[in-house]
Structure formats: structure tokens, C-alpha cells
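Enquirer: The lines below spell out each chain.
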Amino acid sequence: MIEIRAVGKTYQTPTGPFQALRGVDLEISKGEIFGIIGRSGAGKSTLLRMINLLERPTTGRVRVEGTDVTDLDGEPLRRLRQRVGIIFQHFNLLNSKTVQENVRLPLRVAGELERSAQDRRVAEMLELVGLARHAAKYPSQLSGGERQRVGIARALANGPHILLCDEATSALDPQTTQSILQLLLEINHQLALTIVLITHGMDVIRAVADRVAILDHGTVVEAGKVVEVFLNPRTNVTRALLAESGVESEAAVTTDVRDGSQVLRLTYHGALTEQPLLTTLSRESGLDFAILQASVGRLKGVPYGRLTIKTSPLEQDGLQRLQQTLDAQGIRHEVLC
Amino acid sequence: MVGSTLQAIQSFEYWPEIGEGTVDTLIMTALSLVFTVLIGLPIGVALFLTSWRQRSERPLVARIQGWVYKTLSLLVNVLRSLPFLILLILLIPATRWLVGTSLGVAGSIPPLVIAAAPFFARLVENLLREVDHGVFEACRALGATTRQTVLWALLPETLTGLLAAITVTAIALIGYSAMSGVIGGGGLGDLAVRYGYQRFNTPVMVTTVAILVVLVQVVQVLGDRLVARLSHRR
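If you read the sequences in order, they're chains A and B. First residue of the first sequence? That's 1 in the working numbering, and the numbers climb one at a time after it. First residue of the second sequence? That's 1 in the working numbering, and the numbers climb one at a time after it.
With the rest of the complex left out, here is chain B:
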């Protein structure tokens, strides 16, 4: 029984393709995660610094802050309200212009980043709002500039929260990257669509799903461990 199962697994002819798909998914997720953080973090900080509680006492500056906040917030909301599949299709011309193709791993990254960065930015904004107001006041009282306050106090204070947010975003990206398979995005999602949906090949379908589950699980556990290690709060 065990022997025949092993044999069946060994003779499963799709392993090379599944392996390739897994690697593609990992590359897509990792690269888009990097860009998502690089773009989403500054937007999140900007949202926080222009939000209502951080308004300057100078009316003109406060007004500019208000405009910046409204514009960024609207942009973030619009991008977040679009279903990812629609966003993917909408972005095809932009993606082609940006990376030369709308297909494969490269073609998947721009839409993934544009979908995930606003999401991550909101997470960052909320994290920064959660920082004790006293920390902010202490920095002001020390004569710190906004830049110093953000880099030396606020971001270190939210470090564990940021790591948790990055974990959540990474998992969302794994999910999204699977979806990009629908329009030929490569990776495990692509396999699942081509074999599972179009050719009714259930074993391939099940295998890809299992690998996705394991990936998500691994990312979550690693994220949690890192958070636990770096946490200095009671």
C-alpha cells in the first residue's frame, strides 16, 4: 500500500512543472513584497504624518497636510476597492510599458505591487497611530525633527507590528500571485488554472493547493517567530 503510493508519487509526471511553478511563485512573492514595502512604507508614513492628529499649528501647513492626506487616502481607497482580477486586466498596458510584458513572473510583479502597496500603507498608518502619543510628545520635547522622530522613534517602536504587517502582506501576495495565473502570470496559480481548470487534472490541482497551503503556513510561522524574538513589550 505504502509502496504503491510512493511509486505513484514518483511516477507523477508533473513534478518538474510543479517545481518550476513553486519557484516562480516564490520569486514573484518575494520581489513584489520588497517593492510593496519600499513603496507602501513611505506612503503609510506620509498618511500618518498628514492625518488629523499630526496637523501643524500653522494654518497653511495644516491645509497642505489636509490636501496631501485626502489625495493619498483617495488613491489608496480606489486601489484597494478594485478586485485584484480587474486590476490585473486594467493594468496590462501599464505593465507592458513598465517591464515589457504582461505575462510570466515579470508581468505579474507590477500589478501585485500596485494591489498590495496601498493595503500595506494602511497597515503602516494604523500601526503608527497605535504608537503611544507620549512617545511622539517626548520626541518633540527633545527637539527632534520629524525625520528623526519617524526614523529613530516611531518606526523602531512599531518594528514588531511592521513585521507582522509584512507577514500578512506576504500571505496576501501569495494568494494574489496565484490569481495572476488566470491571465498567464506564471507560478502555481498558472499551473492550477491550466491543468486543474482547463484540463480537469485533479492531482495537479490538489498538489498546487497543498503547496500553497504549506507556503502560507511557513511564512506565517516564520513571521510569528521573528515578531516574538524582537518583542520587548511586556
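With the rest of the complex left out, here is chain A:
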């Protein structure tokens, strides 16, 4: 659907060239919600804007729906942009126009529909985002969440296959954020829309994304399924981002292991979460376990569990045997001490 290959972006600044992106590779599949997360200045906004060429890459190629768009210009570029919707952190609505005129703007730009067909399309879009009642209002009469809904209706008016979200919920309060994320999930489902969103908040990723890429200083340091990345972060950047959002709120475990016991962290997701893991493990290994920390929950519908356990004192090869049992069950594990 979207292919980003070895993309780099260098800006000329008064203090010399600045590399916003270096060698980024990403592949985003049809119908998925793909999250890009990173701190401010990591280059996520630049990366997102490469997809509709609001930013042109200095090096590398961008393909959208099978077409190389990197060098598009003029009319073909405008056609591409009409097929890729985008919503912004600060909504970027026209304050001088009513809600329905804002939503009509992309239709006028595309110039394919008659006025009456435009009216129907606008009404349809406002219905979709739940703003039918507010059609004749001006943006200044709406709340932040409602304004973002107008932004979404505008972005979807021309029936794009891709929706880009540029920190779309960062200016909203937590409750409104949830309702907007819910709406994104709905339209992702209903319209089989591919959504690419950038954010600095892990909770946004957690709530809606299927896959995630972590961007740091212009490079992708980690990418994969959200569950995988959340449960087994491989880089410090990811861990730090997780810790900030309270996902990995694991204070260092302090316990006495001089008696030969071991502390392990087990992570698992999917069908395993409904299995009686600990009791099975206990029976098969003949060991007892104390749970030091545990979290179970769901990441966009995928159940997961993460347990920090302390074993009863082990025999010589006890640890090895335990690890074999865990491997056999498909439980990821990590010896902490």
C-alpha cells in the first residue's frame, strides 16, 4: 500500500545542514492502522508528510498504492493528494466557512461532483462523524473534538484509501481523545481505510494501532506488531517511551535470591492468556511460584499477560528444565536475577 524506501531528508539551515530523516524503510499494508511514535524532533511529522509529498524526500523513494510518487508534480501530484486524506493537530479548518462548507472544499477542489451530489456527499460525511446537527455552524462554535471530526469529514470527503493523522489527538483532552480514536477505529473498519498516524503518546498507539514504528533522531529503531513491541521492547528508546506512558511501570524488583531461587519475567499473548499457565507450570516442574508483579490486559483487542515470578529454590539444572518447559509452551521468558 505504502512503501517507503531508504528515505532521507536534509534541511539547509543557517547553522548548516540538518538531517531530519536518514535511511527510513517502512512498509504499510492495506487496511491496517500504522503508528509512528517518537519524541518531538524525531522526524515523525516529516516522515508522515512524505506520503502525500507535503515534504519531498532528499533521497529514497516513496510508493503509494503501487505508484512511485517521489517525483510527482503539478496535476498528478494534486490528484495524489486528493486521494490521500490528512488531519492535523490544530485541525486547520477555515474559520470563515461553515462546517459543511469546510467539508465541501475538497469536493470543489476535485471538481468531479455536481453541486447537488456534493451536498449529498457532505451530508453523508457529517453523518459518518456524527456532526449532522452542526452542519451550518462555524468552527469557532464547536469544541476541539467536534472540530477534529470536521477535519476527519473533510479528509474523507473525496473517498481516499489512506488517512494520515498528524498528532490528531494531541490538542484534545483524554476523554475527547478516546472518542476520536474510537471514530478512527470505526472508519478503519467501515471503509477499509489504511490509517497512518504519528503521535508522541504510547496510549494512542496502544488503543488503535496494529503495527508501530519507533522513530528516534531520524531513524526507525524498532518496528513491528504493537503487542510484540510493547511486550518485548528491544531498544532503550522504546523502553523509555513505554515507561513514560506507564505501560511498563515496573519498578526494579528487589528480592532475596540467596536461597537459590530465581526471578523470571514471563510474557505471552493471544490464546495463551486463557490457559492455566502457572498451575500447569508448577505441576510439570514441581516448583512453586510467587508472583512479584503482574499485568494482564488487552492491546487493541489482543489479550496479553506479563508476570514477574519468583521460583522456590531450584536444583542444579532446575532453571534449564524450567526454561525448556516455558519454551515448549511458547511463553517468552527472561531471567531477571
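If you're looking for bench data, these hints aren't it; they were derived computationally from the structure. Fair warning: this is a prediction, and the values are worked out from it, not measured in the lab. Some hints could be false.
In silico contact screen, one side only, chain B against chain A (beta carbon under 10 Å); selected entries [to be verified]:
#	residue
1	Glu17
2	Ile18
3	Pro83
4	His133
5	Gly134
6	Val135
7	Glu137
8	Arg140
9	Leu142
10	Gly143
11	Thr145
12	Gln148
13	Pro156
14	Leu159
15	Ala228
Quick reminder that beta carbons are idealized off the backbone N, C-alpha and C, glycines included.
Given chain A, put chain B in place with the hints provided.
Expert: This is chain B only, laid out in the frame that chain A set:
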């Protein structure tokens, strides 16, 4: 007391001339305002579209934009730096060629427009710069052409600002039109010069000044009301 004042006002022999002067001033201001907007608005838009922030990513286009901006900007600055009275005199040949005379209402309009259009163009440029960059970006992201962006988004977004700028320009034009009386431009300024300055007729002088004050006041109030009515911002 009241009766004698009324009588004095009624017997004031210059009313017909003052009335004529007022009408002339109104015509001069209105016509030159129309031409000022027609000429100044496109120049203002052109200044904005070629200004630094709107430069194309294509080097050649950006270069052309740079030249256009510098040329327009210089022209605007030169015209704005000339005192109006000097401009009036300088333009006499051009005015004669354009409207056949450098006197009266017709002769006043070209210099008025040439003085006010650059001023209005700068106001427009500044207004457009004030438009949130996000609006511009949203239009680009929708695939809008520059023409569509200007006509459907930028100008509507600045509508109230434009009305305020037109009000300011109209008031400046009332002032300028009075000045054109010095070289026989007609209107209230002409009256003030001929009677007040050359013949020391203080009542005529005072009356014309009072009418000018009222005109300016009326234009400002009307402009403000219109702006308030059309404003959708918080």
C-alpha cells in the same frame, strides 16, 4: 439666540458650493476606492505569493518568484515614499494622457489610485501573512491549486481584515482627495483652499473641515459594523 443662529446658517451663501464639493469628494473617494481595490488586491496577493515563505521547491520558479517580489516591492515602496502632493504634480502629464484633464474630479482619480493602491497592496500582503499557515497546508494537502487556495480559502479567511483595510484606505483617500484641491482637484479640499486659504473665509473653511470629520466618522463606523457582522472568529 437659537433663532438667530438658525437664520445665520440658512442665509449662509456658500451652501450650494459646499454641497457640490461634498458630492465631488464622495464621488472621488468612491471611484478611486474601487480602482484601488481592483489594482491593489492582485498586487497584494502577488506580493504574498512570491514572498519568502511561499517560494517553490523548484529553484528556477523560486528565482522567478524572488525577482517578481523584489520588483513589486520596490515599486510599492517608491510610490509609498513619495509625498502625495509631489506625486500629484509628478503625475500631471500621465493623468492628462489617461483621462484628458488633470483638473476636477476626473483628474484627481488617477493620482489618488496610484497613491492608495500600493498602500492597500501592502495591507493585503500583511493580512495574508497573518493567515494561519495550517490553512495553507490543509489546502495543499487537499490538492488545491494556488488559484483555488487564494480564492476559496485565503481571501475568505481574511475577509474581515480586508474590509477593515478597505475602511482604512477609504479614510486615507478622503484625506488625499482633500489635498488634491491644491492643484485644482475639486471637492471639499478645493473649497477649503480657495475660500479658506486664499480668501480667508473662515466659515467655509470650518464647515468643510466639519463635513470631512463627519465623513471619516461615518465611513469608520460603517466599516466597523460590517466587520463585526461578518466576523466568525471567537
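Enquirer: Give a verdict on every hint.
Expert: Quick rundown of the hints versus the structure:
The beta carbon of B/Glu17 is not positioned within 10 Å of any beta carbon in chain A (closest approach about 45 Å), and the interface hint is therefore violated. For B/Ile18, the interface hint is violated, since its Cβ never comes within 10 Å of a Cβ in chain A; the closest pair sits about 42 Å apart. Interface hint status for B/Pro83: violated, as the beta-carbon distance to the closest one in chain A is roughly 37 Å, over 10 Å. For B/His133, the suggested interface contact is upheld, since its CB lies about 9 Å from the closest CB of chain A, less than 10 Å.
About 4 Å separates the beta-carbon of B/Gly134 from the nearest beta-carbon of chain A, less than 10 Å, and the hint is met. Look at B/Val135: its Cβ gets to within about 6 Å of chain A, closer than 10 Å, so that hint holds up. Checking B/Glu137 against chain A by beta carbon gives a least distance of about 6 Å; that is within 10 Å, so the hint holds. Checking B/Arg140 against chain A by beta carbon gives a least distance of about 6 Å; that is within 10 Å, so the hint holds.
The interface hint given for B/Leu142 is met, as the beta carbon of that residue sits about 5 Å from the closest beta carbon of chain A, less than 10 Å. Interface restraint check: B/Gly143 against chain A, minimum CB-CB distance 4 Å, threshold 10 Å, status holds. Here the hint on B/Thr145 is kept, as its CB sits about 7 Å from the closest CB of chain A, short of 10 Å. Evaluation of the B/Gln148 hint against chain A yields a held restraint, the C-beta minimum of about 6 Å falling below 10 Å.
For B/Pro156, the shortest C-beta to C-beta distance to chain A is roughly 4 Å, which falls under 10 Å, so the interface hint holds. The beta carbon of B/Leu159 comes within 6 Å of a beta carbon in chain A, closer than 10 Å, and the hint placing it at the interface holds. For B/Ala228, the interface hint is violated, since its Cβ never comes within 10 Å of a Cβ in chain A; the closest pair sits about 14 Å apart.
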